[in-house]
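Engineer: Going by the working numbering, 535 is the number at position 535 of the sequence shown; the sequence numbering is gapless.
Careful, some of the hints might be misleading.
Unchecked claim - Derived pair list, reagent style DSS-like, types lysine-lysine, alpha-carbon separation capped at 30 angstroms:
#, residue 1, residue 2
1, K587, K536
2, K541, K589
3, K283, K329
4, K541, K587
5, K184, K84
6, K309, K283
7, K309, K184
8, K545, K589
9, K184, K589
10, K184, K242
11, K479, K418
12, K309, K242
13, K479, K425
14, K583, K545
15, K479, K541
16, K581, K541
17, K545, K479
18, K581, K545
Unchecked claim - Quick list of simulated restraints, FRET-style, between CB atoms:
#, residue 1, residue 2, range
19, T90, D451, 31 to 41 angstroms
20, G456, Q491, 43 to 53 angstroms
21, R299, Y454, 36 to 46 angstroms
22, G484, G380, 49 to 59 angstroms
23, V455, P310, 27 to 37 angstroms
24, V253, R477, 19 to 29 angstroms
25, Y137, K541, 48 to 58 angstroms
Keep in mind that the hints were calculated from the coordinates and are not lab data. Think of the CB as a built atom: it goes at the ideal place given N, C-alpha and C, for glycine as much as any other residue.
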Amino acid sequence: MILADSGAESPYPSRMTDTALRHIRNFAIIAHIDHGKSTLADRLIEATGALSNREMTEQVLDTMEIERERGITIKAQTVRLSYKARDGETYALNLMDTPGHVDFAYEVSRSLAACEGSLLVVDASQGVEAQTLANVYQAIEAGHEIVPVLNKIDLPAAEPERVRRQIEDVIGLDTSDAVLISAKTGHNIAGVLEAIVTRLPPPQGDPEAPLKALLVDSWYDAYLGVVILVRVKDGRLARGQKIRMMATGAVHVIEQTGVFSPRMVAAADLGPGEIGYITAGIKTVADCRIGDTITEDRRPAEAPLPGFKPSVPVVWCGLYPVDADDFEKLRESLGRLRLNDASFHYEPETSAALGFGFRCGFLGLLHLEIVQERLAREFGLDLIATAPSVVYRIHRTNGQVADLHNPADMPDGSVIDKIEEPWIKATIMVPDEYLGAVLHLCNERRGQQVDLTYVGNRAMAVYRLPLNEVVFDFYDRLKSVSRGYASFDYQMDGYAESDLVRISILVNAEPVDALAFIAHRSAAETRGRAICQRLKDLIPKQLFKIAIQAAIGGRVIARETIGALAKDVTAKCYGGDISRKRKLLEKQKEGKKRMRQFGKVEIPQSAFLAALKTG
């Protein structure tokens with residue numbers, strides 16, 4: 001967040017009348033990846049004068065360094081804009097810029113719960129994509145009024161009329177009054193602002209009712225403690241007020257209230273319909289739960305707000321500090337990160353090879369990578385990540401059923417009755433010429449076709465796929481076979497029985513817990529061979545040969561050998577009898593044999609995640 005002088009006065013009224021409530025608009029910008037959400041947010045900030053030309057940067061709401069580097073939005077961000085409409089009235093617009101990637105869908109659902117309307121941004125050259133559908137259905141489920149916005153109409157490949165028809169056919173939205181813009185050049189941004197104030201509904205709320213405010217997001221600030229982003233439904237939040245978190249029962253006194261414009265600007269209070277922040281000197285991370293209801297301690301609300309559906313992690317992996325002394329620092333860092341990312345879960349675990357660490361749950365591999373990178377950058381932690389896996393369901397012969405998060409914990413086959421794995425329902429949108437390659441990829445990954453329909457020259461394939469086949473490299477392979485034109489979205493679709501086995505990876509005859517994984521029996525040999533080949537390139541040579549093996553139980557199914565690092569022991573022998581050189585070489589051979597028995601192989605950290613990208 002952009003920080004400013006906390007004592008700055010707010011340009012907004014400190015008291016909300018019924019008239020003022022009619023002049024608030026809360027809206028989210030939703031779209032597929034790269035359709036122009038953050039660029040449109042930049043133009044809206046510019047057009048309303050929230051930042052001067054000198055202060056403006058590209059993707060101004062993408063405040064994390066990692067967001068700017070990767071060119072993606074990871075965290076939904078809020079900004080309050082003041083806009084004087086054509087009717088002469090001044091409106092307060094609360095804009096929420098949301099991520100587009102499927103791994104950050106939970107950020108989108110939280111943002112939608114805090115708003116009444118959405119701008120659906122669609123690229124006029126690409127048309128409707130998988131994540132467009134997913135996000136618009138979430139908005140409809142949240143009861144939003146939706147304004148279609150066709151972006152990038154300045155591109156030579158833009159076909160606004162075709163995309164209008166596509167939105168009507170696929171989604172069923174009326175696009176006769178869709179707003180045509182170019183967020184890059186700023187064309188028709190005034191049309192978007194007018195559509196927001198004329199077509200989106202104002203919030204509802206009673207300023208005299210007991211306080212009810214939704215805890216939308218939170219993060220830790222070294223000076224202020226926990227900063228909470230709230231959406232006030234009823235009542236009022238003001239400095240000095242004693243508030244209670246309804247889920248945790250924690251009581252705090254508000255020290256500061258304010259809004260983002262996009263800097264933190266202090267305000268006297270926050271009334272119904274407003275989105276802003278509060279600080280209350282909260283030092284305990286556990287006191288703040290995303291989706292909790294904040295009420296007044298003296299006059300509490302009768303029932304909490306519905307909150308958010310809890311996120312269900314789909315990928316799990318172990319995170320261990322390289323230095324065992326960093327365990328407590330890792331625990332504290334995960335707590336602070338969880339405060340800012342409610343879709344991320346963690347619990348302590350131990351490993352024979354790696355010591356004490358945490359088993360962490362994520363919404364996908366990109367989410368895992370981002371969390372790992374944030375822990376390294378923001379908290380200075382050096383970590384080892386184990387092989388990502390999904391949650392399997394083990395049915396034992398004695399009738400017990402248990403969830404299996406870590407492949408290393410899989411019980412012996414003699415006590416297992418059956419194993420169930422999670423399945424997903426995937427929606428893939430792809431141009432007609434790449435359909436064959438995409439269908440082949442889905443069938444290769446044990447997919448079951450549910451539906452196949454056409455919209456113009458684009459096909460929409462719906463498949464049931466095992467999640468285990470998707471989490472590693474499916475997305476990369478999909479982009480590869482479709483030359484980047486396919487888009488992909490999925491939702492969980494229950495569990496089904498499957499013939500699964502645990503594959504152990506042995507380096508120099510020592511099992512490596514961190515690289516154990518579970519696969520379908522039909523793909524076990526291929527996957528095992530691929531990881532062995534990958535490790536052969538990643539593990540540096542030693543002074544002795546290293547055997548890398550993949551095994552199911554006691555049966556080795558794949559093997560690669562890393563040759564010994566050759567040291568020239570005869571370098572100092574100049575001429576003379578050949579038997580001297582032979583003697584030195586025999587001595588070296590004996591030494592290498594002994595080292596192979598007792599030598600320890602250090603596996604570099606980069607090998608752990610890199611070994612899994614077998615595509």
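Engineer: Taking the numbered hints from earlier one at a time, note which ones the structure violates and give those numbers from smallest to largest.
Structural biologist: Violated hints: 7, 9, 10, 11, 15, 17, 19, 20, 21, 22, 24; rest satisfied.
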